[in-house]
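Visitor: Using the sequences and the hints given, assemble the complete structure.
The lines below spell out each chain.
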Amino acid sequence: MKKILFILIIGLGAVYAQPAGEKHHAQMPLDCKSCHVCERPTYEKPCLKIMPEFTRRRGITVYHRAEDAPAVMKIDVLSNLYEPTIFTHKLHAEMADMAGGCVSCHHFNPPGRIAPCRECHDPNATGTDLSKPGLKGAYHRQCLSCHREWSHSNECSVCHAVKGDPSAATAAAVKSAKQEIKHPKITEPAKLVYQTGADEGAIVTFYHDDHAQRYGLACVSCHQNESCSRCHDTMKETAAVEKEPHDNCMACHAEEIDNRCELCHGAREKPRFDHELTGFSLARFHSSVDCKECHGQQGRRRVAKPDASCIACHKGWNATNFDHRITGLALDENHIENDCSDCHANQNFNAPPTCTDCHDDLSYPKDLPGRKVD
Amino acid sequence: MKQSRRDFLKTAGILGAGLAGLAPKKALAAPKNVLSDDRMGVLVDTTLCIGCRRCEYACKVAHDLPSDPIESYNDRSVFAQKRRPDPSALTVVNEFENPVAGRASINVKTQCRHCDYPACVSACIVGAFSKQENGAVIWDEGKCIGCRYCMVACPFQVPTFEYEKALQPEIRKCDFCFKRTGEGKIPACVEICPMEVMKYGKRHELVELAHQRIKDNPGRYIDRVYGEYEVGGTSWLYLASKEFEKLDFPELGPDPAPGASESLQHAIFAYFVPPISLFALLGGIMWISKRGKESEEE
Ligand code: SF4
Ligand code: SF4
Ligand code: SF4
Numbered sequence: 001m002k003k004i005l006f007i008l009i010i011g012l013g014a015v016y017a018q019p020a021g022e023k024h025h026a027q028m029p030l031d032c033k034s035c036h037v038c039e040r041p042t043y044e045k046p047c048l049k050i051m052p053e054f055t056r057r058r059g060i061t062v063y064h065r066a067e068d069a070p071a072v073m074k075i076d077v078l079s080n081l082y083e084p085t086i087f088t089h090k091l092h093a094e095m096a097d098m099a100g101g102c103v104s105c106h107h108f109n110p111p112g113r114i115a116p117c118r119e120c121h122d123p124n125a126t127g128t129d130l131s132k133p134g135l136k137g138a139y140h141r142q143c144l145s146c147h148r149e150w151s152h153s154n155e156c157s158v159c160h161a162v163k164g165d166p167s168a169a170t171a172a173a174v175k176s177a178k179q180e181i182k183h184p185k186i187t188e189p190a191k192l193v194y195q196t197g198a199d200e201g202a203i204v205t206f207y208h209d210d211h212a213q214r215y216g217l218a219c220v221s222c223h224q225n226e227s228c229s230r231c232h233d234t235m236k237e238t239a240a241v242e243k244e245p246h247d248n249c250m251a252c253h254a255e256e257i258d259n260r261c262e263l264c265h266g267a268r269e270k271p272r273f274d275h276e277l278t279g280f281s282l283a284r285f286h287s288s289v290d291c292k293e294c295h296g297q298q299g300r301r302r303v304a305k306p307d308a309s310c311i312a313c314h315k316g317w318n319a320t321n322f323d324h325r326i327t328g329l330a331l332d333e334n335h336i337e338n339d340c341s342d343c344h345a346n347q348n349f350n351a352p353p354t355c356t357d358c359h360d361d362l363s364y365p366k367d368l369p370g371r372k373v374d
Numbered sequence: 001m002k003q004s005r006r007d008f009l010k011t012a013g014i015l016g017a018g019l020a021g022l023a024p025k026k027a028l029a030a031p032k033n034v035l036s037d038d039r040m041g042v043l044v045d046t047t048l049c050i051g052c053r054r055c056e057y058a059c060k061v062a063h064d065l066p067s068d069p070i071e072s073y074n075d076r077s078v079f080a081q082k083r084r085p086d087p088s089a090l091t092v093v094n095e096f097e098n099p100v101a102g103r104a105s106i107n108v109k110t111q112c113r114h115c116d117y118p119a120c121v122s123a124c125i126v127g128a129f130s131k132q133e134n135g136a137v138i139w140d141e142g143k144c145i146g147c148r149y150c151m152v153a154c155p156f157q158v159p160t161f162e163y164e165k166a167l168q169p170e171i172r173k174c175d176f177c178f179k180r181t182g183e184g185k186i187p188a189c190v191e192i193c194p195m196e197v198m199k200y201g202k203r204h205e206l207v208e209l210a211h212q213r214i215k216d217n218p219g220r221y222i223d224r225v226y227g228e229y230e231v232g233g234t235s236w237l238y239l240a241s242k243e244f245e246k247l248d249f250p251e252l253g254p255d256p257a258p259g260a261s262e263s264l265q266h267a268i269f270a271y272f273v274p275p276i277s278l279f280a281l282l283g284g285i286m287w288i289s290k291r292g293k294e295s296e297e298e
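So the sequences go chain by chain: A and U. Here the first sequence is numbered in my numbering, starting from 1 and rising by one per residue. Here the second sequence is numbered in my numbering, starting from 1 and rising by one per residue.
Be careful, since some hints might not be right.
[Said to hold, decoys possible] Capping the alpha-carbon separation at 35 Å, the derived lysine-lysine pairs in DSBU-like fashion look like this:
id, chain 1, residue 1, chain 2, residue 2
1, U, Lys179, A, Lys132
2, U, Lys202, A, Lys45
3, A, Lys45, U, Lys215
4, A, Lys132, U, Lys202
5, U, Lys215, U, Lys202
6, U, Lys202, U, Lys143
7, U, Lys143, A, Lys132
8, U, Lys82, U, Lys242
9, A, Lys74, U, Lys185
10, U, Lys82, U, Lys246
11, A, Lys45, U, Lys246
12, U, Lys246, A, Lys372
13, A, Lys33, U, Lys202
14, U, Lys246, A, Lys132
15, U, Lys215, A, Lys132
16, A, Lys366, A, Lys305
[To be verified] So the derived list for chain U, only partly shown, Cβ under 10 Å to chain A, looks like this:
id, residue
17, Leu48
18, Gly51
19, Asn74
20, Val78
21, Ala104
22, Ser105
23, Phe178
24, Gly182
25, Lys185
26, Pro194
27, Val197
Honestly, the hints are just simulated from the structure, not real lab data. Virtual Cβ for every residue (Gly too), placed ideally from N, Cα, C.
Guide: Next comes the structure, spelled out in structure tokens:
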């Protein structure tokens, strides 16, 4: 009986390929006291603060793309009791990309490199170290917090095959084969139409693609607390509905939520936002410009009304470095060496140019200082 | 149902109290209640528990109680009913629905809380219960006369008797692995838990740790450490993601519970004149049968 007790106690060892030549974090300009409580921390006695928030927020200084992550890891410290556990690391990294990214597992990471779990989480911990879980707890918490939500089971055998179990070899082979399986690309909806319970303007139209692409929000800006079980739940057919839908919009639209319901709520679907309506057409020259190029960035919101005059952004252009042809008008030889302001009075490029300063009888656009091009 | 049984037991306790007055091992010594500054405790973080029930298994093994094979503990159908610790299982795990749709259910392990001012210790008229220096509230089988006072007094409904045995029942409850900890080990349930739901350490450090966790993860926990103040404080402390009352934790004030049972006890001795002949008879039977059992064991 007691033997089985040990079977439950797992200790796992995993090797994570490290980029060579990284500095040890002790050589970095960091205050030791942010994480350690003692003067001389060692690997044996790191005397870490209880959950040093610093490292979670700012500690990770190396970022990998999920595609570059090691494909599989063989976890075999308790190989006397178990067949090794094959952890499909890359697959999990891809899934993590949809939530917190690498940090969701590699939290509290010392700067400079990604540390293997057991550097902090002691494989031989006895449950009395109050500052952090041992390796057993660390691993199980990471795995089971998601796995039990979608399978509603804690079966040890999902990961742990008892040594000598003939089915274990096959299970490991299947998992190894999975290393090239990718998480299917999540198809992003273009538009979502919500039927809300609001008395007036029950319909809310949300242009998901505009928010994700045009306004440049990262998935996690809204999908912060997603769990795998939102999509993967063997006992549910549909994903859970957000409880408080305003929460997601609050960061950028707090003012509208308080005062301008009609911006989102209407009796019918709302059309997509059109910049033309602001009086400044994006057509032709500005459609590919990132919003913040003009609007700057105020917190997460980018709607500060910019100075719409051309020279507000386009400073330093003159007759020699500006190719007038891109405006659709190739200047003729009489005009090509003029100063911009000779025609565009007061550097006002939004208004039609004046011709009368030089020509009594000519005017724009009846007469052109060149010829039209495309 | 439960309530009426407890009412019955209360009466039984009163009878038992009368008996105790005559029993040869009447508690002459005051109940031991050591409150060491360094007493140990356990912090149970219910937000981590996955309901695997390995703690139930380990507890039985550590206490030589019969147990089904470990695989049988994967059976989650036991969660259909709320269970209480009993003589065959000194700790049990219950399950509660998570208020957040789509998130995993909440599991809570329960056992004796090892109160700092244990009602069971005060209630026990023969001094069979004692609070030890390391925080454990333990029970001395040799002194117990089976009056079931402790059972009535305990605010957490922990001590239970072997109902099948009418005359020489044994009371059983979590003993904080008194033997194991004496050997320098940690409690069996703490050791086996795959999620390290429990931390074993000095109580005052655990209180600090619990508040630190709440501070660091305000969204994860409600701002309360159950057991910090309840009934004067308990060695076992709990963290949870939703109100403790919804997880079947009794709503208790900060005053130690024993007061109530003490006055009951004193009232009995002050004003209650037992029908001596009946109690003498019953007490005699109890005493003899207990002795008999002890000599069998020897
Ligand atoms: S062993 Fe740990 S995780 Fe499992 S039920 Fe007990 S306390 Fe919860
Ligand atoms: S929980 Fe009950 S049995 Fe345990 S110490 Fe407190 S009063 Fe005694
Ligand atoms: S401390 Fe020991 S006796 Fe108490 S529940 Fe845990 S294993 Fe059982």
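Visitor: Could you check the structure against the hints above and give me the numbers of any it violates, in ascending order?
Guide: 7, 11, 12, 20, 23 and 24
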